[in-house]
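Visitor: The chain contents come next:
2 protein chains.
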Amino acid sequence: MADKDNTAALRELLAPYARRAEAALVRRLVEPGTPETLADALRYCMLGAGKRLRPALVWMTAEAITGSDAEGDALLERAAVAVELIHGYSLVHDDLPAMDDDDLRRGRPTVHVRFGEAMAILVGDALLTRAFGVLAEGVGDADGLTVGALSGILAHAAGGAGMIAGQVADMGLCDLPDGLDGVRYIHRHKTAALIRAAAEMGALCGAADEPQFEAVRRWAERLGLVFQAVDDLLDATASAEQLGKTPGKDAPAGKRSALTQLGVAALRARIDEMTREAIEALSPLARRARKLRELTERLARRSH
Amino acid sequence: MADKDNTAALRELLAPYARRAEAALVRRLVEPGTPETLADALRYCMLGAGKRLRPALVWMTAEAITGSDAEGDALLERAAVAVELIHGYSLVHDDLPAMDDDDLRRGRPTVHVRFGEAMAILVGDALLTRAFGVLAEGVGDADGLTVGALSGILAHAAGGAGMIAGQVADMGLCDLPDGLDGVRYIHRHKTAALIRAAAEMGALCGAADEPQFEAVRRWAERLGLVFQAVDDLLDATASAEQLGKTPGKDAPAGKRSALTQLGVAALRARIDEMTREAIEALSPLARRARKLRELTERLARRSH
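Sequences listed follow chains A and B, in order. Here the working numbering is used: position 14 in the first sequence is 14, and no number is missing along the way. Here the working numbering is used: position 210 in the second sequence is 210, and no number is missing along the way.
Treat the hints as calculated values from the structure; they're not laboratory data. It is possible that some hints are incorrect.
Unchecked claim - Simulated coverage check for chain B against chain A, where a stretch passes if three residues somewhere in it have a Cβ under 8 Å from a Cβ of chain A: (1) 36-49; (2) 166-177.
Said to hold, decoys possible - Just a few of them, taken from the derived set where beta-carbon distance is under 7 Å, the chain B residues facing chain A: (3) Glu31; (4) Ala118; (5) Glu137; (6) Gly148; (7) Ala155; (8) Glu277.
What the hints assert, rightly or not - With the C-beta cut set under 10 Å, the calculated list includes, among others, these residues of chain A facing chain B: (9) Ala8; (10) Ala9; (11) Leu13; (12) Leu47; (13) Gly48; (14) Ala49; (15) Leu96; (16) Val113; (17) Ala118; (18) Leu122; (19) Ala126; (20) Glu137; (21) Thr146; (22) Gly148; (23) Gly152; (24) Ala161.
All figures in this text were calculated on a predicted structure; none of them were measured in a lab. Even glycine gets a Cβ: it sits at the ideal position worked out from N, Cα and C.
Using the sequences provided together with the hints, build the complete structure.
Guide: Written as structure tokens, this is what we have:
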């Protein structure tokens, strides 16, 4: 019952941002001149599903800094769309047969199952490229330095020292420290880097000062780790219907997860500890961080 | 003999730019924090080989606009590196088993043959992301508007309405006009878009005025078509040793090429005609375009 309340409340908290994200993606996803078959595949994987957590983080962080509603801010919308495009590309490529070989995503056949492997590779490439295109086109909406800085934050988080490093590690393609340190490396790079980038981009658009920016950075880093640790927990305990993807993929593949390293009870305790740290990190933002605190607590307790 | 002279002269023309490109790539390819295995694969596919035509186009176009040597210009170096990273990523992904399934590139095993398919996908993703990261970091070297505009030109040329559209078409994944129009669509998107972007980025860094910019655009578009048409011709007539990749891949795969549409003599005539048009387009740049004219003529007559 508490789980169901939390799920409903989390959905309600994210709903206005999910609506904004959907509308913005409809407008900005497909560049004019894109072949219709590619456009169909892009829409298939990007529209009508997904929590839109990362766009929500862009907007909510900016609103926590400025104290005012960010709807209609063109630069923030670009940042929100760009982060979600990066997230979408990473899912499409991670699901490929040569990577995690997953057939199910958000309750639907994955892009390579639906459109073939070649198209799935190209869809991922197109989403990744479009993310930077959407930002770059913002030189009309904002000063160039901010646009460049947003692009730099995103490229660093998504790149070979960020999210891609996490996937390299998760695929067993590089050396890792033993035990929990190895798991932390994967979580920090594969998931937390982009979540942190979303929050940083929101803070940048909101013209955060240095202490505010540092608070956002510390909070978002921990939030990303909490988010991935909960994912590990759910992967072992939830059903495919709840997850919208194939559960239990990690253990048989011999992948490292926080769960196999810690067990359920210790992982739950670690999630609680990181959640407390995340919320403490928000203290410089005082009352304006109310929604960010609620989001953090609800994400830590989510059941899918 | 004429062929050998042309090959040597083309190499000599490009050599100083190839050296610059190599040095710049060594400096900027691998972000600190990249796993060593990924860094090795990035270096394997990006260093020590390649004509560096696209970086050369960035620098040569800027020099044709400004009339002065562009060596040491940090922004131009970023633009040159970014274009070559996009070119490199496209080769790695195009060679994948699910795409063209090529084993040989620049005389060496392709990335997926050497490092496995998962790593090859991630290498391509990392190169594509790094291209925009290298540009974005340039907000310290130049005004933000120029950086944003460079990123926009590159994202458009490389994206779903540009290079990726060309690969979608080349893979037979979208409808195409019959005959030569279909071939032109593939050439214009798959090859000419990025070649034109390289020249446009050089013109932008060189602060070209509108007539100069338009001249560059018209020239580079035709140069890209010439380049790809010569590729088609060589694919049918040259050996693997000359090409450094597997020749004759296009005909058996049932792919459209200008050659299968036109035959050797008509294709040669078309190359000559487009070469004349390309050189005519340069007339607004007068004497400063001397090197660009030479490059155009030599690329049209290249034998590998």
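Visitor: Indicate, hint by hint, whether the structure satisfies it.
Guide: Right, here's what the structure says about each hint:
Counting residues of the segment 36-49 of chain B whose C-beta sits closer than 8 Å to any C-beta of chain A gives 5, which meets the bar of three, so the coverage hint holds. Residues of the segment 166-177 of chain B with a Cβ under 8 Å from some Cβ of chain A number 7, which satisfies the need for three, so the listed coverage holds. With its C-beta approaching chain A no nearer than about 4 Å, glutamate 31 of chain B sits inside the 7 Å limit, and its interface hint holds. Taking 7 Å as the C-beta contact cut-off toward chain A, the hint placing alanine 118 of chain B at the interface holds, the least distance being around 5 Å.
Of the supplied interface hints, the one on glutamate 137 of chain B holds, with its beta-carbon coming within about 6 Å of a beta-carbon of chain A, less than 7 Å. Hint on glycine 148 of chain B holds. Least Cβ distance to chain A is approximately 4 Å, under the 7 Å limit. Below 7 Å, beta-carbon pairs count as interface contacts, and alanine 155 of chain B has one with chain A at about 3 Å; its hint therefore holds. A cut of 7 Å between beta carbons decides the hint on glutamate 277 of chain B: the least distance to chain A is about 23 Å, and the hint is violated.
Against a cut-off of 10 Å between C-beta atoms, the interface hint on alanine 8 of chain A is violated, since the closest Cβ of chain B lies about 36 Å away. The interface hint given for alanine 9 of chain A is violated, since its Cβ lies 35 Å from the closest Cβ of chain B, which is over the 10 Å cut-off. Restraint check, leucine 13 of chain A versus chain B: the minimum CB separation of about 31 Å is more than 10 Å; hint violated. Among the interface hints, the one on leucine 47 of chain A is violated; its C-beta lies about 15 Å from the nearest C-beta in chain B, farther than the 10 Å criterion.
Because the beta carbon of glycine 48 of chain A sits about 19 Å from the nearest beta carbon in chain B, more than 10 Å, this interface hint is broken. The beta carbon of alanine 49 of chain A comes no nearer than 20 Å to any beta carbon in chain B, farther than 10 Å, and the hint placing it at the interface is violated. Annotation: interface hint on leucine 96 of chain A holds; nearest CB of chain B at approximately 7 Å, less than 10 Å. The restraint placing valine 113 of chain A at the interface with chain B is violated, with a minimum CB-CB distance near 13 Å, outside the 10 Å limit.
Using the Cβ-Cβ criterion of 10 Å, the hint placing alanine 118 of chain A at the interface with chain B is satisfied: the shortest such distance is roughly 5 Å. For the restraint placing leucine 122 of chain A at the interface with chain B, the shortest Cβ-Cβ distance is roughly 5 Å, inside the 10 Å limit, so the hint holds. A cut of 10 Å between beta carbons decides the hint on alanine 126 of chain A: the least distance to chain B is about 4 Å, and the hint holds. With 10 Å as the threshold, the beta carbon of glutamate 137 of chain A comes within range of chain B, its nearest partner Cβ sitting at about 6 Å, so the hint holds.
Contact between threonine 146 of chain A and chain B, as hinted, is supported at the beta carbon level, the nearest pair being about 7 Å apart and thus within 10 Å. A hinted interface residue such as glycine 148 of chain A counts as satisfied when its beta carbon comes closer than 10 Å to some beta carbon of chain B; here the least separation is about 4 Å, so the hint holds. Annotation: interface hint on glycine 152 of chain A holds; nearest CB of chain B at approximately 4 Å, less than 10 Å. For alanine 161 of chain A, the suggested interface contact is upheld, since its CB lies about 3 Å from the closest CB of chain B, less than 10 Å.
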